[in-house]
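There are 2 protein chains.
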Amino acid sequence: MTQITQKNIKLASHAGFCYGVKRAVETTKRLKCESPEKNIYVLGELIHNSQVIKELEDLGILTVESLPENTQQSSSICIIRSHGASGATFEEIKNKGYELTDLTCPDVKKAQNKAIELVRSGCFLIILGEPQHPEVAAIEANARQAAFSSDEVFVANNIEALQRIEDIIKKQEKIGVVVQTTQRLEYLKEVLNWLLPISRELRIVNTICASTSLRMNEAKVLAEESDLMIVVGSKKSANTTH
Amino acid sequence: MTQITQKNIKLASHAGFCYGVKRAVETTKRLKCESPEKNIYVLGELIHNSQVIKELEDLGILTVESLPENTQQSSSICIIRSHGASGATFEEIKNKGYELTDLTCPDVKKAQNKAIELVRSGCFLIILGEPQHPEVAAIEANARQAAFSSDEVFVANNIEALQRIEDIIKKQEKIGVVVQTTQRLEYLKEVLNWLLPISRELRIVNTICASTSLRMNEAKVLAEESDLMIVVGSKKSANTTH
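As given, the protein sequences belong to chains A and B, one line each in that order. Residues 31 to 272 in the working numbering are what the first sequence spells out, letter by letter. Residues 31 to 272 in the working numbering are what the second sequence spells out, letter by letter.
Hint data in this document are derived by calculation from the structure and do not stem from the laboratory. A hint or two may mislead.
Treat identical chains as interchangeable: a pair holds within one or across any two.
Stated by the list, open to error - For lysine-lysine, the following DSSO-like pairs were computed, each having C-alpha atoms within a straight-line distance of at most 27 angstroms:
| id | residue 1 | residue 2 |
| --- | --- | --- |
| 1 | Lys-250 | Lys-200 |
| 2 | Lys-139 | Lys-201 |
| 3 | Lys-59 | Lys-265 |
| 4 | Lys-200 | Lys-139 |
| 5 | Lys-204 | Lys-219 |
| 6 | Lys-201 | Lys-219 |
When you get a sec, could you build the whole thing from the sequences and use the hints?
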């Protein structure tokens, strides 16, 4: 005979979409609703969530990996997702004759703008994040476009990557640091403690988004209190995996 | 019968004056040697070392706490020591008709200039050091003169002092940090780890001087290796007490 025990299930109070993603999904749906005659393309998955992508497809909103030539009679819209995009991508969209709707998350936009500001003020820029992640790729592309030389921008997803360029770092007069919005604060702290004794001037913009911080802290507390924790999210999402 | 054991005495390889102090002492002596007819005043102890002060007195170089009216027929020189001085002090020296010789240590001058640069770029400035120490007082005075408001400059000699103004710090868009040249790197690290989660943008200029870092690291190693360690220096000196 199996014994029946009571189970408590706790839901994180900040579970669900963050405001940047919510804004992107709602705006995309509204655009289709307001202009059903227009073709709407999203460049890359709007969010890393296959159910949402399916829902958008059902509404006739297409997710594409690269933007097709615009051969349609009616006007077409191309959406930049919350992760942002490079200047070259913005150019391509306009050159192909698409209307552009930029749904880059305001927090990601801030990270991009701060990265540009730092390289323009003469900093060697370190972006802390996953080099392959579209948000990081867009921050990097924007920073490289603003920099005098591509040697001034470096992406690191762990301290070892930075240790390999220690000699280059030591030569810099000013070092700027921005962070992928979904990184862990502990990683930023670890990097700073390492950078501090070997650098003259450090400019750190803590671009980790408030939503992410809240969720990570809550996840930690829940994990400590619980016997089993289930994180619901795509394996492609930085929010799920960190 | 007492047993005779062999004792090893190790001398720190970086013991002795740092270059800023050496430069101040040598220049002061040279000035008197070149112009024996001139009265030479040093505003505050040139360095925290009573033997050197005595030696200067014997040469006729006077240490004064405040600058007397210049009633001498022959010209008089006033020396700014390696700790630096406020803009008001520089003014006073000129107004009283003294020739001015500025022997502020170049590393201290850098800390002053960086403090000015940070407040001018809109930072709330935190100076990490002893509020009563003349070097810190001079950095603070220079920064306050450059700031729009005196509320933008804060001196902290421990993390508790910063915790008391946590609400003010949280409101700041940009925070600048400079450090008294003789502070410990561990203190700077501790402050940054505390500041990081509660601030948006941090500009840290590591103004701890290389000489100080070397000596502190060497002192640590020697202390670990030795049964007894003797630090020779004035109790007034930050170098001796840290």
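- Task: First find the shortest C-alpha distance between Lys-201 and Lys-219 inside one copy, then the shortest across copies, and answer within, between, both or neither for a cut-off of 27 angstroms.
- Result: both (22 angstroms within a copy, 21 angstroms between copies)
- Message: When Cα atoms must be at most 27 angstroms apart, do Lys-59 and Lys-265 count as within-copy, between-copy, both, or neither?
- Response: within (24 angstroms within a copy, 72 angstroms between copies)
- Message: Regarding Lys-204 and Lys-219, is the shortest C-alpha distance of 27 angstroms or less found within a copy, between copies, in both, or in neither?
- Response: Result: close both inside a copy and across copies, 18 angstroms intra and 18 angstroms inter.
- Task: Give the relationship of Lys-139 and Lys-201 under a CA distance limit of 27 angstroms: within one copy only, between copies only, both, or neither.
- Result: between (29 angstroms within a copy, 21 angstroms between copies)
- Query: Which holds for Lys-250 with Lys-200 at a C-alpha limit of 27 angstroms: within a copy, between copies, both or neither?
  - Reply: between (35 angstroms within a copy, 24 angstroms between copies)
- Query: How do Lys-200 and Lys-139 come out at 27 angstroms by Cα distance, when the copy is not named: within, between, both, or neither?
  - Reply: between (29 angstroms within a copy, 22 angstroms between copies)
Comparing the model with each earlier hint shows no violations; every hint is respected.
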